[in-house]
Amino acid sequence: MKYALVTGGSRGIGAQICKELSENGYFVYVNYNSSYEKANQLAAEIGGKAVGFDVSDTENAKNKINEILIECKHLDLLVNNAGVSEIELFNFTSQENADKILNINLKGTLNCSRAVVSSMVNNKSGCIINISSMWGQCGASCEVDYSASKAGVIGFTKALAKELAPSGIRVNCVSPGFITTEMNKKFTKDELEDIRDEIPLGIFGTPADIANAVIFLASEKASFITGQTLAVNGGMII
Numbered sequence: 009m010k011y012a013l014v015t016g017g018s019r020g021i022g023a024q025i026c027k028e029l030s031e032n033g034y035f036v037y038v039n040y041n042s043s044y045e046k047a048n049q050l051a052a053e054i055g056g057k058a059v060g061f062d063v064s065d066t067e068n069a070k071n072k073i074n075e076i077l078i079e080c081k082h083l084d085l086l087v088n089n090a091g092v093s094e095i096e097l098f099n100f101t102s103q104e105n106a107d108k109i110l111n112i113n114l115k116g117t118l119n120c121s122r123a124v125v126s127s128m129v130n131n132k133s134g135c136i137i138n139i140s141s142m143w144g145q146c147g148a149s150c151e152v153d154y155s156a157s158k159a160g161v162i163g164f165t166k167a168l169a170k171e172l173a174p175s176g177i178r179v180n181c182v183s184p185g186f187i188t189t190e191m192n193k194k195f196t197k198d199e200l201e202d203i204r205d206e207i208p209l210g211i212f213g214t215p216a217d218i219a220n221a222v223i224f225l226a227s228e229k230a231s232f233i234t235g236q237t238l239a240v241n242g243g244m245i246i
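The opening residue of the sequence shown carries number 9 in my numbering; numbering runs sequentially from there.
Among these hints, one or two may not hold up.
What the hints assert, rightly or not - Below 27 Å or equal to it, Euclidean Cα-Cα: the simulated DSS-like pairs (lysine-lysine) are:
| id | residue 1 | residue 2 |
| --- | --- | --- |
| 1 | K115 | K70 |
| 2 | K229 | K27 |
| 3 | K229 | K132 |
Since the hints were derived computationally from the structure, they do not count as laboratory data.
Construct the complete structure from the given sequences, taking the supplied hints into account.
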């Protein structure tokens, strides 16, 4: 049995990743922070287990992941998917919102990775996949803090990949473009049409597109790939 932990796994991209991993033979720990019902419903559906903790809370994340490791003995895969965003001018962004974005998107990724690394190193195997964003690659106006947090995830991926490669652990990143999720319901119909016009393939991505990228990077077909960022954006960022 292969074991995976997916942070922010109760809905959207995270939920689809959980479903695809389950279909590919993984027992999935579905992390959630506030979406208790959705996480438990999904876990029951895929035969996994819901685990509640705030990824930005260092001690809480460490303790909960330690409980997982005691239960399953090892994790084959960690998917750092939990994330939040805000659309507002940089100089109007409150410190509270800025801290929330950086703490969940970047610090949360570091927290969860740090909690699993020792076990993976001891087992000389494992895979970590971080979910970034195309804005982490090129930056986005009115999403400065978000862009910075996701750029940090890409830099973290490269550095950790170098550090863990001698132990047989691969670390990669998936960088989604515009994906149809609840996070993007804030856009108007006209705004969505304008965004679609900027995508060379002329379509929006789906959570399944990101889940498929995760499945590939976690598989033996990607055994010689580490430290890379796989852009899944329809050609919007090249």
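Inset, instruction - Please name the hints from earlier in the document that this structure breaks, with their numbers sorted from lowest to highest. - result: Those not satisfied: there are none.
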